[in-house]
Every structure is written in structure tokens, then in C-alpha cells.
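K.L.:
The primary structure of each chain is shown beneath.
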Amino acid sequence: MRKYLLKRLTFMVLVLLGVSIITFVVSHVVPGSPAAMWVGPKPTQEQLDAAIKELGLDQPLWVQYFSYIGNMVQGDLGVSLRTHQKVSEELSRRWGATFELVTISMLIALVLGIPIGILSATKKDKPFDHVSRGLSISGVAMPVFWLGMILQMVFHGTLGWLPLQGRVDSTVLIDHPIEKISGFYLFDSMITGNWPIFLSTISHLVLPAFCLSFAALAVVTRMSRSSMLEVLREDYIQTSIAYGVSQRLVLFRYALKNALIPTLTVVSISYGVMLGGSFLVESIFDWPGLGRYAILSIETNDFPAIMGVTILFALTFVILNLLVDLIYFLIDPRIKTPGE
Amino acid sequence: MKKSILMLILAILLSLPATLLAAGGSKDTIVYAAYADIKDWDPSVAASMEVVMLSSVYETLTVYDTYGAKNVKPGLATSWSTSDDGLIWTFNLRKGVKFHDGTPFNASTVKYSIERTKKMKKGTSYILGAIGKLSVVDSYTVQVHLKNPAPMDIILSSQYAAYIFSPTAATRGTEWFMQGNAAGTGPYMVDSWEKSQQTVLKKNDNYWGGWNKKHFKRVVIKVVLEKSTQVQMIKSGEADFASLAPVDSLPALRKSPGVEVLTPKSWKNSSFLINTKKFPTNNLKIRKALQYAWDYSAVVKSIYNGLATVAEGPVPKNIWGHNPNLPKVDFNLEKAKQLIAESGIPKSQLKLSMAYIATSQEYENCAQLLQANLSRIGVQLELKGGPWGTIWKNAKNVETAPNLQSMTWWPSYPTPNDWLVGLFRTEEKAVFNLSHYSNKKVDALIDEGVKMEGVDRDASIAAYQKAQQMIVDDAPAIFYADLSARIVKRKSIMGYKNDPAYGIFFYKLYRQ
Amino acid sequence: MEENINSKSQMGGRFHYTWHLIKRNPMFIAGLVVVILLVFAALFAPYITPYPEDAGFGINFSEKLKEPSAEHLFGADALGRDIFTRVVFGARMTLKICMTVITISLLIGVPLGLIAGFEGGWIDEVIMRITDMFLAFPALLLPIAIAAALGASIMNAMIAIAISWFPWYVRLVRAQVLTVKEELYVESARSIGVSRRVIIFRHIFPNVLSPIVIQASMDMGYTILAAASLSFMGLGAKPPTVEWGLMITTARAYYLDFWWTVTFPGLAIFVSVLAFNLVGDGLRDILDPKIRD
Numbered sequence: 054m055r056k057y058l059l060k061r062l063t064f065m066v067l068v069l070l071g072v073s074i075i076t077f078v079v080s081h082v083v084p085g086s087p088a089a090m091w092v093g094p095k096p097t098q099e100q101l102d103a104a105i106k107e108l109g110l111d112q113p114l115w116v117q118y119f120s121y122i123g124n125m126v127q128g129d130l131g132v133s134l135r136t137h138q139k140v141s142e143e144l145s146r147r148w149g150a151t152f153e154l155v156t157i158s159m160l161i162a163l164v165l166g167i168p169i170g171i172l173s174a175t176k177k178d179k180p181f182d183h184v185s186r187g188l189s190i191s192g193v194a195m196p197v198f199w200l201g202m203i204l205q206m207v208f209h210g211t212l213g214w215l216p217l218q219g220r221v222d223s224t225v226l227i228d229h230p231i232e233k234i235s236g237f238y239l240f241d242s243m244i245t246g247n248w249p250i251f252l253s254t255i256s257h258l259v260l261p262a263f264c265l266s267f268a269a270l271a272v273v274t275r276m277s278r279s280s281m282l283e284v285l286r287e288d289y290i291q292t293s294i295a296y297g298v299s300q301r302l303v304l305f306r307y308a309l310k311n312a313l314i315p316t317l318t319v320v321s322i323s324y325g326v327m328l329g330g331s332f333l334v335e336s337i338f339d340w341p342g343l344g345r346y347a348i349l350s351i352e353t354n355d356f357p358a359i360m361g362v363t364i365l366f367a368l369t370f371v372i373l374n375l376l377v378d379l380i381y382f383l384i385d386p387r388i389k390t391p392g393e
Numbered sequence: 053m054k055k056s057i058l059m060l061i062l063a064i065l066l067s068l069p070a071t072l073l074a075a076g077g078s079k080d081t082i083v084y085a086a087y088a089d090i091k092d093w094d095p096s097v098a099a100s101m102e103v104v105m106l107s108s109v110y111e112t113l114t115v116y117d118t119y120g121a122k123n124v125k126p127g128l129a130t131s132w133s134t135s136d137d138g139l140i141w142t143f144n145l146r147k148g149v150k151f152h153d154g155t156p157f158n159a160s161t162v163k164y165s166i167e168r169t170k171k172m173k174k175g176t177s178y179i180l181g182a183i184g185k186l187s188v189v190d191s192y193t194v195q196v197h198l199k200n201p202a203p204m205d206i207i208l209s210s211q212y213a214a215y216i217f218s219p220t221a222a223t224r225g226t227e228w229f230m231q232g233n234a235a236g237t238g239p240y241m242v243d244s245w246e247k248s249q250q251t252v253l254k255k256n257d258n259y260w261g262g263w264n265k266k267h268f269k270r271v272v273i274k275v276v277l278e279k280s281t282q283v284q285m286i287k288s289g290e291a292d293f294a295s296l297a298p299v300d301s302l303p304a305l306r307k308s309p310g311v312e313v314l315t316p317k318s319w320k321n322s323s324f325l326i327n328t329k330k331f332p333t334n335n336l337k338i339r340k341a342l343q344y345a346w347d348y349s350a351v352v353k354s355i356y357n358g359l360a361t362v363a364e365g366p367v368p369k370n371i372w373g374h375n376p377n378l379p380k381v382d383f384n385l386e387k388a389k390q391l392i393a394e395s396g397i398p399k400s401q402l403k404l405s406m407a408y409i410a411t412s413q414e415y416e417n418c419a420q421l422l423q424a425n426l427s428r429i430g431v432q433l434e435l436k437g438g439p440w441g442t443i444w445k446n447a448k449n450v451e452t453a454p455n456l457q458s459m460t461w462w463p464s465y466p467t468p469n470d471w472l473v474g475l476f477r478t479e480e481k482a483v484f485n486l487s488h489y490s491n492k493k494v495d496a497l498i499d500e501g502v503k504m505e506g507v508d509r510d511a512s513i514a515a516y517q518k519a520q521q522m523i524v525d526d527a528p529a530i531f532y533a534d535l536s537a538r539i540v541k542r543k544s545i546m547g548y549k550n551d552p553a554y555g556i557f558f559y560k561l562y563r564q
Numbered sequence: 163m164e165e166n167i168n169s170k171s172q173m174g175g176r177f178h179y180t181w182h183l184i185k186r187n188p189m190f191i192a193g194l195v196v197v198i199l200l201v202f203a204a205l206f207a208p209y210i211t212p213y214p215e216d217a218g219f220g221i222n223f224s225e226k227l228k229e230p231s232a233e234h235l236f237g238a239d240a241l242g243r244d245i246f247t248r249v250v251f252g253a254r255m256t257l258k259i260c261m262t263v264i265t266i267s268l269l270i271g272v273p274l275g276l277i278a279g280f281e282g283g284w285i286d287e288v289i290m291r292i293t294d295m296f297l298a299f300p301a302l303l304l305p306i307a308i309a310a311a312l313g314a315s316i317m318n319a320m321i322a323i324a325i326s327w328f329p330w331y332v333r334l335v336r337a338q339v340l341t342v343k344e345e346l347y348v349e350s351a352r353s354i355g356v357s358r359r360v361i362i363f364r365h366i367f368p369n370v371l372s373p374i375v376i377q378a379s380m381d382m383g384y385t386i387l388a389a390a391s392l393s394f395m396g397l398g399a400k401p402p403t404v405e406w407g408l409m410i411t412t413a414r415a416y417y418l419d420f421w422w423t424v425t426f427p428g429l430a431i432f433v434s435v436l437a438f439n440l441v442g443d444g445l446r447d448i449l450d451p452k453i454r455d
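Line order of the protein sequences matches chains A, B and C. Each residue of the first sequence is one higher than the last, beginning at 54 in the numbering used here. Each residue of the second sequence is one higher than the last, beginning at 53 in the numbering used here. Each residue of the third sequence is one higher than the last, beginning at 163 in the numbering used here.
Certain hints may be false.
What the hints assert, rightly or not - Stretch by stretch, here's where chain B covers chain A in the computed footprint (C-beta under 8 Å, at least three residues): (1) 87–98; (2) 133–145; (3) 223–234.
Calculated from the structure, these hints are not laboratory results. Glycine included, every Cβ here is placed at the ideal spot set by N, Cα and C.
Kindly produce the complete structure, drawing on both the sequences and the hints.
P.N.:
What follows is the structure in C-alpha cells.
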């Protein structure tokens, strides 16, 4: 086990290094003018030259890379060319926004998906099943940015039920400032009893979270349904039911446990998909998170920000995979960890 | 059980709009939807949209008044005079003014501020280039010593690089400012900065201008990056100003109850610079042909939806020094075709490229329109939209530059030389002269105009007007639009008076 | 050898069974019909649309942003161009994207997978590590990075997507090769001395073909979504290309007032992806022997 962990950790570091090199080269090779971004709209040639020196752009690429890595291990990720703020500070601030969004989306996918899937399996081929299967199939086919726009048009434009964008209402924010404990508005506002913020956050989360969760919801539903169907076919289940054990007990005891492992797989894959989807959803909903930050950085070729956000994403993803694999092992030691 | 919980949640959510989708409309607070967060908080450095905050938090010695009898009004200075040779300007300062941190405003604070900005060399500090040093005569008199004559009264009214700030604060350095701090003399102080979300200003109770009229107590500068969202917010009243309502939403906004769309004159203009050194646009007839292939009225009416007027030459029509007698060019495909034939360049070589900022709908639509029109006269146009950083880098180098380059320009202080120097004066290493245009006679006229600006205004104007004529004859650009300011606001907001030299002063506004 | 005995009746039986499977799967048929419609639309676009010039230089300001009506089924965009026409023409780009991406992915992925699986040893290790590195990037990130690096254009976007997707084919092919490698008859063929190349083509390739076809058809949908997403972010198609993702992002500034400018292109994307997914699922049901039994 320990050997396995060590191997995985080494691999993780290698992957991150690889990612950092690729991203560094890519962001520096792209034709652009980072110095231009740094100095502002109407610079003079002297200001441009000074900026190039200040940003270290006159050094050879490998020197720049190593000084970047050197700074990174000390926690200094540089300063964003676009906002002039420290990248590390921006990442930590925006991470909370994205993480909250993605977690709520994941919860929606699981909390709605699993029951619907299981119910679908028990009502196989009835109308409920057809509708849920239809949604499943649609969910993975839908372009997430289009879904977001449609949701906005319907729920804000036509019905006026939900807010258009942002994390929280600005007037509410001024009158009831949030005490930053974790960076997750829901958590922070609950702990401090800041109910106006709590409610405002929920109403602002509904559309973006639902939009982001839709594809995962589809997959979770489908997978719960199929694993439920498989389980229902098992002999020992049939036997238990024949013997009169309540269907509900059967479902709970056996079916759910067996559904857990594939669910975990779906969760880990979906998390990765959602991180990618967050780029698009955060743009549409003006959500001040990492996805939005990544797109703004790419659009402006803000290479310190691009490096920071890419490495953070890669790190999150890799750690996530590791955690999931460890959980597999914990749940079912029968699963051989590779290398044993 | 599950169903009832779902019902409960739904009920809460549906009741939220009433309580929390707070439409603005408060007499105390005004909401401005900004298209970006504030980037540079240091008043010596800022050169971009942060002016929306800076102009309410900091002040300048003088204030430009485009439509007034006298162009320059008192600000933090009550009066001023020049020496005979124009090299020493004396400013008499307003008494009884304090900075937000309590430091008193006086001559040494003015000296500190201006010299700091000049020394840091950031942003548009080059407008202070003529200054040698400042000297304190007494607490309320400061002198500006120039290396060569320059219109200091106009220069120090600029909304960039001319702010006066508290030395006590500024010695803490740019990092202090960047945390969202400010120390000016203006009517508003910075209350809070929620990064990437909003900046809140609150009224400065000790403001020397007083609070005896109707004023806002709070200004919320909200970051709304999505333009379509800005439009919805202005319609619903959630925002009182939309900074960047898209051009194509203007007709709908004009009809929207409660919304007012103003398009007053500004000093921004757009042109497509034509590469004078790259084949085939190095041929004068081809350049002139391009000017005739541009559909000026369609662009202004249907692409800009009335947000622009047709330009006349390199300098906007409404700034002093504009030459009103420049020859006019209009949309004439026949003439364009004729000029192409006269150029002697065969059709197979009529392949041009055009670069523009891809995120601008206006540029993109103009580009596609030109492409369509050029195809009708046998010229192929390749579109190269991209981010500014990339296209600028390519444009600076003649080999990688396109034949046509989008350019929007505005002056750093009220003067026509900004366009002439910035865009058309010879540059060994191109910065913004992306036509790679070089005409020594024009250079001489521009230099003459600059020299005379602070001394003999009429001579200066004459030189600038001659320069404009020569530039137009050389056709280094398609001069197509004088842009209007885009003021999209709620009808209930009163007190807005446009001046092309500035943006919005929240202090002057109130809600009906 | 054994394959020739009773081949005719076996073939007939197999065909019949396959046909039966197809008939039983209405979703597959529905998807197939839509895909055929898509191809039809792409091929005959100029003849079935009311304003074919609007897919090119047909700028017409008097029609600007008109609502859907009899003249403009899907309304008009900011340059007065008919959206229905442009959606139909967009099918061309959609199909081109699918074909190009899958082809490039296969061209890179299949040979690498074959080599990795067949050679084994350190070559296999190296190829697998590189593949893992590519797979470590969360879903859209790598295509975005590559597209940003190469510069925004639909061709570069296609290359970017292909580069991020080929590792899956490497893995797929390698797994198949490994399975097949253990089959006895390969061993016996080798022992007889049949050349490696023959083994690959005769035995491994046909077995690998089926999973590749299934995977590729399921991937078509993802490819369309990825390309549309890249165009939406400004990293893909550029004007005046007619591409559905680009049409949506162009209208991003004003869609809340002009709903038709994004609804119909988005619908086209959705329906196409759905169709390809259904076809892919259906093919898997039909072709995959594991499920059949």
C-alpha cells in the first residue's frame, strides 16, 4: 500500500511538472505582447521596454521557466498582467467560488440523479422511465453554454423568477457584508447567521448549478438505472423478494451498496468534466470563479495567470483521482490496486 | 416526504424575487455597471477605465470645459497665470481643503503629486513631459517650471496623470493603493472593494464643494463583464448606468421605459490604418480605392446604430484644431474600381489582409461589410481577428503586419496633437503608427504645432490643419467614425452633462 | 480455415440477426435518420435554403435582427443574414469537424496503440506514460491550451481536439491488442513463422476495428460539442466561417433581447450531438459481441 502511494505521488509530481512545462512553453510561444497587457492602453516605447525587463521577458525561455518554478515553490505565482493582482491571491479567492458551484452541482446530480435512476429501474418501460431516459440522453448531448443561455432567457427574461448573474445581490452584499471564513458563501453565511446573504446565494446558485450539473445528472441517472437493473436481476435479490423481504429494504441494503462503486467512477469523471464546463457556465453567469478567470487569462494571454490556473486545475484533478482510487480501495479491498 | 421538501424549497426560491431582486431606485445609492474591475488604483499609474472611480475620489488643479466660454475652469486651483516666455506657470490654490486621510491640501502636496507621477513614468505621465520641476512659493501658491512652452492649464486638467493625492498615503507605495485604498480630495471616498465583484464609494462629509444639493451618498461600481447582462440590469433598474451596452441592443434600449440612451459627442474615433509599406497598399491609388470602398453611412447607421458620425480626417470634428475644409470621401464602388485599374496592379495580386480586435462586434461587422464590398470589385480580403496583444505585436513589424489595422484612439489631454503624434508621426520603431507612415513635411508641421500650443494658439492650429490636409492626401487610413459616447442610463438619473474631456461625475447626479 | 465452412448460412444468419437488432432499436433509427438529414443538408445546402448568399457575403442591413417569420424561418442576425440558411450551411462545417478530428485522432492513436500493445516492454511504458500525461488534463483544458497556442481558427481547433483525444484510441487499441495477443491462434501463427505484419492485419486489426468504430461514432458527438465550445470561447472558428458555435458567441452581446440568434444554432448543435450519440449507442448494441451474448 505504501509503495503504491509513493508511486502515485511521484507520478503526480511528474505529471504536474509536465503540465507546467507544456503550459509555459505554449503561453510564451503564443504570438502576443504580454508587455502591452502589463502597461495599459497607450504606452510609450520606453514603457514597453521597461515592462519587458520588469517581466523578465528578455531572458531565454528556460531561465524564465526555472525562475518561475523557483518562485512557485515559495508560494509566489507572480502577478497577473491583466489585473495587476497577485495570482496566488486571485486563485485562492476565486477557488471558493468555483468549488462551491461545482460541489453544489455535483450534489444536485447525485441527489436528483440517483433516486430518479433507481426509481426509473423499478418502473422500467413505464412513462416515468421513458421521460428520465429521454432526459439522460439529452443531458449529454446538450451544449452547456447554450443551456445556460436558454435558462437565463426563460427563468429570468420571461418568468423573472431568478437572478441573471453573479454570486450574490450587490445591495444585499453592502448591507450585510460576508465574514470570510472559508470562502464558501453558503457555509460562511450559515455559520454567522447572515440569512439575507444565505438566501441570496441560493437564488444565485440555482441556474448556474443546475446548468453545470445537467450532463452529470444525465450520466448519474442512467448509471444508477442500469446498475439498479443489474442488481434487480441478481438471484439473491429475487430470492429475498420472493421470501417476502420488503422491496425497500432490499433496495437499500444491497442495491445501493453495489451502485456505490460505479457511482464513484462517475463522480470522479464528472468532476473533471465539470471543471471544464465551469469555464463556460461561469462566463455566461458572470460567476467570479476560476473558470471565468481562466478564460479571461487565455483571451488576454496573461501568462502568469494561465500558468497558475492550469497548474491548480491539474493539481485538483490529479488529487481527486488519487482520492477516488483510495476510496475504491477502502470500500472494496477486493479491488486490486495496480502494482500489487 | 421528499416531495414536500422539494415543494418547500421551491416555495422559498419563488418568494425570493420579491425580497432580493432589489430593483435599484434608491435616492441614496447609484449603481454603475462596469465592464471590468478596477486594475490600477495608484493615481499616478492609472490609464484606463478606473477613471470612473478616480474622477470621483481625486481631483485636478483645473477642469476642462469644452462648451464653456472659457475652456479651463478652476478646480483645486482658483486662478493661474503664465510668465511672458510661457516657461513658468503660477497656480493659486484653494484653501481649506483636506485629503480623505486628514492631511491638509497645499502647495507641497501638489508638488509631491505631480513630481511623483512624472518620476514613476507610468500610464500617461508623458503628458507632463514639458515639466522641469515644481516649486513651492508659499502654502497656497505653486509654480511649474517648464523646459519648453506647453499649455499647462489644459494638461493639468487631464483625467489621467494629473491627480493630486495625499503624500502621507502615497509614501506607502503602489502596493497600498492596490489593496483598494485611496486618499484624494474628491467628493467620494472608497468604502469597500469586493475584488472582481464591486467597489463601493461613500460620501466624503468634509468635501469642500459641500453637500447642500441633492447628492448620492453611495456609489456602487459593480463588475458586470457580460454585456447582455448589463442590458438586462439597466432595463430592470438594477443598474443606473451601463458602461458598455452593446451597439445592437441600443434600438431596444431606446424603446425601453425608464431607460434613456444618450449619444453625446466624445473625442474617441475609429479608423482602419492602411499599411503604407506593404504590397499592394503601398500604392497610393490602392489606398484611395479602399477609402472609396468603405460604406460610411451604412457603418454609422446600421452597424453603430447611430452611435457614431462619419469622420472627417484623422482628428475628431469637435476638438479644437480640426480642419473643417478637408476633401470628403464617400462610398463609391465605381470610383474604387477605377482607381484600382489606374494602379496597374493585376487582379490576381489584389489580396489584402485585415486585422482587428475580435471581441469587438463593431469591428467584426465592419470587416465583414468591407470584405463583401471588396469582393464585388475583385479584391480579396482575409480577415484576421484576434486579441489586441497578438495583433499589435504583428502590426508593429512591417513583415508580419496586415494591410489594414483597426485603431481606436482618444487623447490623453484635450489636444489634436495626440492623434497626429501618436498615429502619424514618423516612428523608427512603430508603436502606434501602424500604417508605418512617414512624411517628413508632416512631421515638421506637427512639431511646429506642438511648440506653439502653449504660446500662440492660432499658429498652432494653422500648423495642425496643414498637417491634417497632407495626411488626408496621403491616405494612410480609412477615417470612418467619430464615436459618440455611449451613455445608457435610467431616466430617473438627472444632472448628467456631457463633456468629451471626461466621463461621469457622480457628485453632479441625483435621482428624480 | 474454419471461417469458410458454412460461411454462407452463417453470414445469412448473422445478417438477419443484425437486422433484427436494428429494428428493435428505434432510437438508433431516429439518430441515423437525423445523421442522414445532416449529410443531406450539408451536400445540398445551396439548393434547399432560401438565401444561399447569406452564408457568404450576403449582408443586408434592412433585414437586421428581424424576428422569425415567413421570410426568415429562424429570424435574421445583426448583419441581416438569414439564420435558417446559415444553420443549414453550418452542417457542412459540423461534418467537416467530425471527419477531420476523428481521422487525425485515429491516424495518431491507432498506430501508437498497435505498437504499444504489440511490442510491450519499455516502448509500451513510454507510450503509456505520455498518454497518461495527456489524460491528466481535465476535459476541455488541453484543447483550449493548444487552440490558444496555435491561434484561433477552426483548423487549429480541430487539431487541438484531436491531440487531446487520440490518447483514448491508443488505450483502446492497446487493450484490444493485448487481449487478442493472448488468443491461441496468434501464438500458433507465430510459431509457424507467419510475419508480424500479417498477424497484425489478419488477426488483430479486424478485432480492433469494431471497438474503434463504436468509440468513434460515440465520439462524434463530443467532437461537435468541443468544437462549438472552442468557437464559443473565441478559440475556434472565426468570421466569416459559418459555424454554429461561432453564431452563438457572436450573438452573446444581445441574445437576451433577440432570442432567435442563439436558440436555433444551439438547437442544431444539440440535435446533431444527440443523433450521433444515439447512433453510437445503437452501434454498440449491435456490434459489441459482449453485450449481444
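K.L.:
Checking C-beta pairs, does the segment 87–98 of chain A have three or more residues closer than 8 Å to chain B?
P.N.:
holds (count 10)
K.L.:
Test coverage of the segment 223–234 of chain A by chain B using CB-CB distances below 8 Å; three residues minimum.
P.N.:
With 6 residues closer than 8 Å to chain B, the segment 223–234 of chain A meets the three-residue bar; holds.
K.L.:
Three residues minimum, CB to CB under 8 Å: does the segment 133–145 of chain A make the cut for coverage by chain B? Let me know.
P.N.:
holds (count 5)
Hint compliance for this structure: every hint is met.
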